[in-house]
Structure formats: structure tokens, C-alpha cells
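Number of protein chains: 2
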Amino acid sequence: MSAINTILKELLEASHLQGVEALLGWDQETYMPEGAGAARSEQISYITGLMHAKLVGEPLTTALEELINLDTGELRIMTLNDRETRQVKEIWRDYRQEAALPAKFVTDLAKHASVSQQAWVRARKDNDFKFFEPFLEKMVQMQKEKAGYLAKGETAYDALLDQFEPEMTSAKVAQLFKELRTRLVPLVQEVQDVKHRVNGSILTKNYDIDKQWDFGMSLLKSIGFDLKKGRQDRSAHPFTTSTHPSDVRTTTRLRENDLKSALLSTLHEGGHALYEQGLPIEEYGNPLGQSISLGIHESQSRMWENLVGLSPSFWRFAYPKLQMKFPDQLRNTDQKQFYSAINRVRPSMIRVEADEATYNLHIMLRFEIEKMLINDDFPVADLPQLWKDKMEEYVGVRPKNDSEGVLQDVHWSFGAFGYFPTYTLGNLYSVQFFNHYKEQVAGSEELFARGDFSALLKWLRENIHSKGRGRKAEELLLEITGQALSAEPFMDYLEEKYRLIYGLS
Amino acid sequence: MSAINTILKELLEASHLQGVEALLGWDQETYMPEGAGAARSEQISYITGLMHAKLVGEPLTTALEELINLDTGELRIMTLNDRETRQVKEIWRDYRQEAALPAKFVTDLAKHASVSQQAWVRARKDNDFKFFEPFLEKMVQMQKEKAGYLAKGETAYDALLDQFEPEMTSAKVAQLFKELRTRLVPLVQEVQDVKHRVNGSILTKNYDIDKQWDFGMSLLKSIGFDLKKGRQDRSAHPFTTSTHPSDVRTTTRLRENDLKSALLSTLHEGGHALYEQGLPIEEYGNPLGQSISLGIHESQSRMWENLVGLSPSFWRFAYPKLQMKFPDQLRNTDQKQFYSAINRVRPSMIRVEADEATYNLHIMLRFEIEKMLINDDFPVADLPQLWKDKMEEYVGVRPKNDSEGVLQDVHWSFGAFGYFPTYTLGNLYSVQFFNHYKEQVAGSEELFARGDFSALLKWLRENIHSKGRGRKAEELLLEITGQALSAEPFMDYLEEKYRLIYGLS
Numbered sequence: 004m005s006a007i008n009t010i011l012k013e014l015l016e017a018s019h020l021q022g023v024e025a026l027l028g029w030d031q032e033t034y035m036p037e038g039a040g041a042a043r044s045e046q047i048s049y050i051t052g053l054m055h056a057k058l059v060g061e062p063l064t065t066a067l068e069e070l071i072n073l074d075t076g077e078l079r080i081m082t083l084n085d086r087e088t089r090q091v092k093e094i095w096r097d098y099r100q101e102a103a104l105p106a107k108f109v110t111d112l113a114k115h116a117s118v119s120q121q122a123w124v125r126a127r128k129d130n131d132f133k134f135f136e137p138f139l140e141k142m143v144q145m146q147k148e149k150a151g152y153l154a155k156g157e158t159a160y161d162a163l164l165d166q167f168e169p170e171m172t173s174a175k176v177a178q179l180f181k182e183l184r185t186r187l188v189p190l191v192q193e194v195q196d197v198k199h200r201v202n203g204s205i206l207t208k209n210y211d212i213d214k215q216w217d218f219g220m221s222l223l224k225s226i227g228f229d230l231k232k233g234r235q236d237r238s239a240h241p242f243t244t245s246t247h248p249s250d251v252r253t254t255t256r257l258r259e260n261d262l263k264s265a266l267l268s269t270l271h272e273g274g275h276a277l278y279e280q281g282l283p284i285e286e287y288g289n290p291l292g293q294s295i296s297l298g299i300h301e302s303q304s305r306m307w308e309n310l311v312g313l314s315p316s317f318w319r320f321a322y323p324k325l326q327m328k329f330p331d332q333l334r335n336t337d338q339k340q341f342y343s344a345i346n347r348v349r350p351s352m353i354r355v356e357a358d359e360a361t362y363n364l365h366i367m368l369r370f371e372i373e374k375m376l377i378n379d380d381f382p383v384a385d386l387p388q389l390w391k392d393k394m395e396e397y398v399g400v401r402p403k404n405d406s407e408g409v410l411q412d413v414h415w416s417f418g419a420f421g422y423f424p425t426y427t428l429g430n431l432y433s434v435q436f437f438n439h440y441k442e443q444v445a446g447s448e449e450l451f452a453r454g455d456f457s458a459l460l461k462w463l464r465e466n467i468h469s470k471g472r473g474r475k476a477e478e479l480l481l482e483i484t485g486q487a488l489s490a491e492p493f494m495d496y497l498e499e500k501y502r503l504i505y506g507l508s
Numbered sequence: 004m005s006a007i008n009t010i011l012k013e014l015l016e017a018s019h020l021q022g023v024e025a026l027l028g029w030d031q032e033t034y035m036p037e038g039a040g041a042a043r044s045e046q047i048s049y050i051t052g053l054m055h056a057k058l059v060g061e062p063l064t065t066a067l068e069e070l071i072n073l074d075t076g077e078l079r080i081m082t083l084n085d086r087e088t089r090q091v092k093e094i095w096r097d098y099r100q101e102a103a104l105p106a107k108f109v110t111d112l113a114k115h116a117s118v119s120q121q122a123w124v125r126a127r128k129d130n131d132f133k134f135f136e137p138f139l140e141k142m143v144q145m146q147k148e149k150a151g152y153l154a155k156g157e158t159a160y161d162a163l164l165d166q167f168e169p170e171m172t173s174a175k176v177a178q179l180f181k182e183l184r185t186r187l188v189p190l191v192q193e194v195q196d197v198k199h200r201v202n203g204s205i206l207t208k209n210y211d212i213d214k215q216w217d218f219g220m221s222l223l224k225s226i227g228f229d230l231k232k233g234r235q236d237r238s239a240h241p242f243t244t245s246t247h248p249s250d251v252r253t254t255t256r257l258r259e260n261d262l263k264s265a266l267l268s269t270l271h272e273g274g275h276a277l278y279e280q281g282l283p284i285e286e287y288g289n290p291l292g293q294s295i296s297l298g299i300h301e302s303q304s305r306m307w308e309n310l311v312g313l314s315p316s317f318w319r320f321a322y323p324k325l326q327m328k329f330p331d332q333l334r335n336t337d338q339k340q341f342y343s344a345i346n347r348v349r350p351s352m353i354r355v356e357a358d359e360a361t362y363n364l365h366i367m368l369r370f371e372i373e374k375m376l377i378n379d380d381f382p383v384a385d386l387p388q389l390w391k392d393k394m395e396e397y398v399g400v401r402p403k404n405d406s407e408g409v410l411q412d413v414h415w416s417f418g419a420f421g422y423f424p425t426y427t428l429g430n431l432y433s434v435q436f437f438n439h440y441k442e443q444v445a446g447s448e449e450l451f452a453r454g455d456f457s458a459l460l461k462w463l464r465e466n467i468h469s470k471g472r473g474r475k476a477e478e479l480l481l482e483i484t485g486q487a488l489s490a491e492p493f494m495d496y497l498e499e500k501y502r503l504i505y506g507l508s
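Chains as they are written, first to last, in our numbering: chain A, 4 to 508; chain B, 4 to 508.
I should point out that these hints are in silico values taken from the structure, not numbers from a laboratory. Errors might be hidden in some of the hints.
Which copy? The list can't say, so a pair holds if one copy fits it or any two copies do.
[What the hints assert, rightly or not] In silico lysine to aspartate or glutamate, EDC-like type, Cα no more than 20 Å apart, as pairs:
hint, residue 1, residue 2
1, K403, E356
2, K57, E69
3, K224, D495
4, K232, D30
5, K224, E37
6, K231, D30
7, K339, E37
8, K232, E157
9, K12, D111
10, K92, E69
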């Protein structure tokens, strides 16, 4: 069957380019000298152009056309087995998406994304939205243009969302957010009424950066991150990337007066990395070797960060070690107090440092604003004001400046509109998966308390990681748990958790 | 003139790929997880293939043919100015070299170079030549094949040498080495007879790695390395690479009981880096924006390492700082003693740690062995024995094992046959350039003694770096100094230096 071989050869070459692009991006955020930004943008743009040319090129197009009707997605060959069918369907989905975009648009966007990301770094540092505004303005225009090319879903925003979470719609996200909000807002309010019951000041003492790093590395090893096939570095904004399944890289950021941030971001990125390291290597270079969606990716990162890393049993294992690392700071704090402190609910400015409850309020705000920008032509110049007002309305706090306001996240700078909802979807998926895992594997808490996370990792490897792509996110959820996606299990989890921590009725 | 624009566009794209390949290589030697080696070899090979396809592709070939006869190098256009003529001639030279190689050979060689380099790392660590032997055997075969394609010069070895040092021949190298040897061997002997006069033990005390790193970084800043457009990292084997003139990277290696090695290798790589950072940015992407030859490159690294870094005036500046960094170790050693110690001549096993005199004996040995391998089919399996015998004959010491013998250098593993002579050529060039600089710029020693190296850097920028490529190495030498390449100035320098240090008559 030579058509599929041709396709796989072309896709493998595109994967080489993707790996190279990942390294260029990783390096830009970690070690690249500051003066090299312009050259790097050119390099990334050029590689992206080569990748696009490969993915919509004549060899792949002709071969794919032999197997499937490029317009309708109807298979022309009836002898494919189940795996092959899924493979060809996913290749076709990617092809349609890529072929919808003009080559020049692809390279222009890649270049602008790199340039604009560098502009954002500077704007955030200098608290200067005006400097960033033209870059963002151009990016929003390009995203609208992209949505026009993709032309999928009811609204422009749906087309963008679909890139990150295939088959998800903004109507469905809005419905889930509505369910979530109904229970979340009263819960946050209830906790706020008794907020004095938890004191978080222990987390903002002075904690040596190098010791934080060492502790984070030991956690990555504990949860099963394979350091022969990956590494951790520092960057201004934590992320995970993969140049190949044998080379998965996370980053973290460390601050002396913040113990929680690096610790949880290390586990978060570690969760992403475990997924990437667990993808089926035998499928490398075709869609079946990739992750399902960003929602599922976030279900992995948020699971390790929150359902593991903010659980009592995790701290039974980790707290004595942390105390040994920081004896002076933690001497007078017992495990229960520490557990409460690190789980404290407090409306705050920065999403990535939010607790599990208010986190989702940040996402709802992003979701609303993104729709206004993409669907309703909301003016970019008015964003700072809108951000402050919405923060007050949704989260209950008002940013003092734009660096802790509209400039706080990197995503918009590189064009990730439609990405934010996947964070909350990840939270919902993670609880549904984790509940099912706990039903299937007895004694999970005891294992965690001994620092043994291998049963969970094994379960995730078998049920999620090794499956790669080839099913939709909700199909995977149904397959594993028998349930549809819902906000209720997540809210049940949160209410129970905070009931215990805050002594709610 | 659309032909030249087409060519420059294609070459610029090839330069993007070259920059990307440099980053892949840099990362392989610095931060890449060990399990990613196989994937990295594939990526490098793929990018090399794209670069080759670009450099011999139809657009470039057709356009170049408009300007120049591809077989004879005769210009077809008579209206080119001097700069354009040089540019087209250099483009043609590169084109001929690239077009002589079959595409499959290029990608196979790139892959084998990456694989074989990784094998060498392991073999050297384990002192296991047998493990490395099949990789080297294959590499030697591929180099012979390459020489056959290039078919330039009298012997196969000449074709390989010409890649690194255009227009240089092994006959000419042999003649230079003969001149050198005539004065060098007696000098080394004379020094050996009074070797007790210099004690080098101060250099092998215990020196904290981090402090060595800090001191090296301060030296890089002192000599003018622009850290906004470059960086230094650690690797098993020091090297310099450039992803773009705005991103030039050096590495160093540090050992606790060796003060000299990291210090001098930092200056050595710094010299390479200054050249790369000083290349004419307006010519980026075409040959005029590149370095002239490896001999000229080595003239820059060896100048900063030896003529600056091993000079009395340099240590008038640097030694008080070094003493402050390592007060316990250096308290009882004065500047003059230290200067003698770091300049001690002692026949030793490892080229990169050799003094200025015996260094060239190592190169002569490599040159002889390389010619035997490439021209005379000397069997790879017999190399360890040959190496030991030749070391005894040339340098006067016999390696105890292969790690400090035939496995000591990385070059052969990635196929750099014909490269070694450029180290000695660099030594010769460096002294001729430096003598001329000192004639032109008065008070150089006083400036060095104050830590001011800007006059030297300015001179190098104007006379060498900013000229890029477009003339041969010896043309540049003649242009600057009015002299032909010769071993005599280098030997004059060495004899004078050791006369003072060792009190020779």
C-alpha cells in the first residue's frame, strides 16, 4: 500500500521539522541571548513554512486523495482496519486544517508570533500595554483571518477553539461554565466568609532558590519523569515542549518568597511531560502518536498538580522531606497546617498562581474577553479597562496595573486564542479520570503517602498516554469512565475538599 | 539584476537552515538528554539534506549559470564591481563543492557524523577503542568517498584539507611543518634540559569550579565578547558555534584540579567568538559574511589564548584578580612565578592542554596519521598502536591507554579529516598578524596590563573580522602584513619567550 507509505514518509519529515521548531522555541525561552530575537523569528518562520509546504505538498495530497475524499472525508478504500481508519481520518483532519491556510499567512503568522512574544516579554516587564498594543492588534487581526480560512463551527471563535480541542464548541463550553459557576461562586463566597481559618503566610517566607530547584527535581523523579529522555530548565514562564518523545522538556520559574508557585508549576509541567513521554513511540510521526487535545493534556498536568500535588496523602509523603530541606522556615508548621496553607482559597490577580477554585473564574473571564475580541470586534486598545472591570466582576479583585492585569499571560502574544477554555476542560476531565482511577486501583492514598506514584502513572499510561490520538477527547472519557463530560464531579470534589479544610457545613 | 537576487534568497534560506543545524549541534553537546541521541541524528541529517537540496537546487543553479560558467568559473557578466566579483566567485566555489556530493551521501554522512560522535563520547569514557572502531572505519571510508567526489588537489587528503583551508595543499603544509620542526625540536629539547627551572604544580591545586566559571566569564567580558549576542555554557569538549552573528555560543569545560585548562580554553573559544561576532552583518547569508578559513579562525582563537592570554602583560592585569578569587591557593605565588608556571613546556598526552611549543608536535602527528589513513589505506584497527608509537617519536611520551591516546579528540568522530593542520596554520598566522598589530598600535602591552583589549579588538575587527570572506587566507595575510606565510616569526616568538622564561642562552 504505497499511498500510506508516501504519506507516512512526508509526515515523518514534517515531524523532524516540528521537533526542530520545538527546539528553536525552547531555546528562545531559555538560553537564547537577548540580541538574537530577530534572527530567531526568521528561523522559526522559515521552518514553519517548510513544515506547511510538506503538509500540503503534492506528494502527500496525491497520496491522501487515493485513500479519502479530501472534501467529504469519505474513505475510498474499504479494506482498512480500525487503526488504519482512525489514522487516515486524523491525517485528513490535519490536512484540511493546514490546507485551508495560505502559505504566506502561515509564515507571516509564525514570524509575528515570535516577534510579538518577545514584545510581550518587554511590555510585561515595563508594565507598558501601549508598547504591546500594536503587536496584539495585529495578532487579533491575524487570528480573525485564520478563523476565516478555517471556517469551522458557528462563530469565528469556534474555529479557533477547534484547533486546540477538536469538536468542542463555544456553546458547549459556555454551558459547562454556566454549570460550574452556579456552584463555584457560592463556594468561593462561603470560603471567603471564613477565610481567617487558613493562614498562608508560611508560603511566602524566604526559600532559597537552589533548594527549591532541588526539591522540584526530586518531585519530578518521584512522579516518574524520565530524565534520560527529558530535562527541566528555568524560564520566565513555565512550559513543556517536546522535540521528540525521547526529548521532552519542562521549565519552571523560581522566586525566593514564593514556595508554592515553583512547586506546583513543576508538578503541572511534569504532568504534561509524562503524557508526552508516554505517547506510543511506534506511532511517532503520524497523528496516532500525538496527544488527543489540549483539554486532555491539561487533564494530565492539572491532575498531577492538583489531584496529586494538593492532596493530603501527597503531603504525608512530601512534607517531611520539604521540612528537612527548609528546617528553619517550616519547623513550627505541622503537616496539616501546611496542607491547609497550600490549599488556601484567595481571589488573586494571576491565574497561574490561583487556587483550584478561583482558577476557573480566571478562565471564564478569558473566554468572555476572547469571544468579544474575535467575534465582536472589541477594540484592543480598550482591553486594559475591560480586564480590570471583568476581574472585579468575576474574581472580586482589581489589578493595580497591566502587568498583573491584561499582560499577565503569554498566550495571546503568540496567538493562542481559543486555548484558555482547555484549562478548565482539563480540570473537569482530570477529576472524572481520577475518580475512575481511584475506583479501579485500591489504596491509592496509601501509595501516594509512601511516595509511590507508579500505579497512577501505569494507569494513565495504559488508559490515556499509550492511546495517542485517534479518538476525540469526549470519546476517550466515555471509553474510560462511561461518563459524559460534566462540571459536577469537579464541583463535588472541590466542595468536599474545602468543607474539610475550611470546616464548612 | 534578478539572478543575483534569486541566488541571495536561496542562500539566505540555506543560512536559516545552517543556523538551525548549529543549534541542534550545540544542544546535542550541552543540554540534550542522553536518550535523545538517535532522534537528534535524524533531525540533523534531515536539515543537512534540506540545506544541500537548497544549495544545489534548480533556482540557484539556473541563476548562477547566468553569471558564471559553472565548469570553469569564468564570469559571464563583465559589469560586476570588485565586491560582486568576489561574491560570485565564492558562491561558485561553494556550489562546486556542494554539487560534487550526491544528496544521499550528504545526509548519510551527516547522520553518521552525529551517531559516530555519540559513540566516540562513550568509547572515550570507557577507554574502549574497539567499540568506536567500526564507526571510525565507516567514517574513514566516507571521507575517502568524499575526497573522490571533491577530486581537488594532488591527493585525496588535499581535497579534504581544501574544505577547511581553501587553496592550501598538503605539500605546502608539509614544507611549513618541516621548517617548524627544524627549530622546534631543538627548542623543546633545550627547555627539557632545564625543565626544573619552572614549577607548574600551582596550577593543579584545588580550584572551585564555580569560581573558575566566574573568572572565565569576567575574562570573556574583558576581551569584548558581547553577551547580548552570545553566551557560554559547559560541554565535554569546548567549542564555538554560531546560529547567527547575533547568537554566537562558546563552551568550556572545568576541572577542579586544573586551573589552566578552562582558563585558556575560555580565551581560545572567546577568540573564535569575537571573529564570528565581528563578521559583516550586512553580508549575512552569503559567503562574504563568513569567515575566510579555519586557519584564519584559529589565528583568532590562538591569538587570544596564547599571544594575549599567555603574555606577561595580560597577567599583570589578570593575576591580581585571580589571586583575589583564589587567595588560599595563590597567596604564596607571585605574578612572575605564575606566569612561568602557566607557560611551562612539558611534553604531554593531550593536545588541547599542550603548551605553545609541543602543541605543534601533536598536530604534526595528526597530519601524518591522517594522510596514512586517507591516502595510504592504513588500517583503522592498527591506529592505537600507531598512535602510541608516533607519540613517543614526535612528542616523547607514550600514552598509557587509548582515552588519552587515539581517542582524545572529537574531530575524527564527526569526520573532520584535514582539519588539524589548520591549528598550526592558525599559530603561524596569529604571530604574523600580532607582530604587525604591535607595530601599528603603540603601547599594546600597557593597555593589556590595564585590562584594556579594545585596541586589539578594534584592529582585528577592521583588518580581519569585518572583511568576511572573499579573499584567500594568504591574500589576507599579504594584504595586512606584506608577508607570506612562514614558520619563522612563530619560532622567533617562541624562542624569545622561552629564552626569558627558562633563561636559555
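Hints and how they fare:
no., hint, verdict
1, K403 with E356, "within (17 Å within a copy, 58 Å between copies)"
2, K57 with E69, "within (18 Å within a copy, 30 Å between copies)"
3, K224 with D495, "neither (31 Å within a copy, 59 Å between copies)"
4, K232 with D30, "both (17 Å within a copy, 14 Å between copies)"
5, K224 with E37, "between (32 Å within a copy, 16 Å between copies)"
6, K231 with D30, "both (19 Å within a copy, 15 Å between copies)"
7, K339 with E37, "neither (44 Å within a copy, 40 Å between copies)"
8, K232 with E157, "neither (42 Å within a copy, 47 Å between copies)"
9, K12 with D111, "between (27 Å within a copy, 17 Å between copies)"
10, K92 with E69, "within (13 Å within a copy, 47 Å between copies)"
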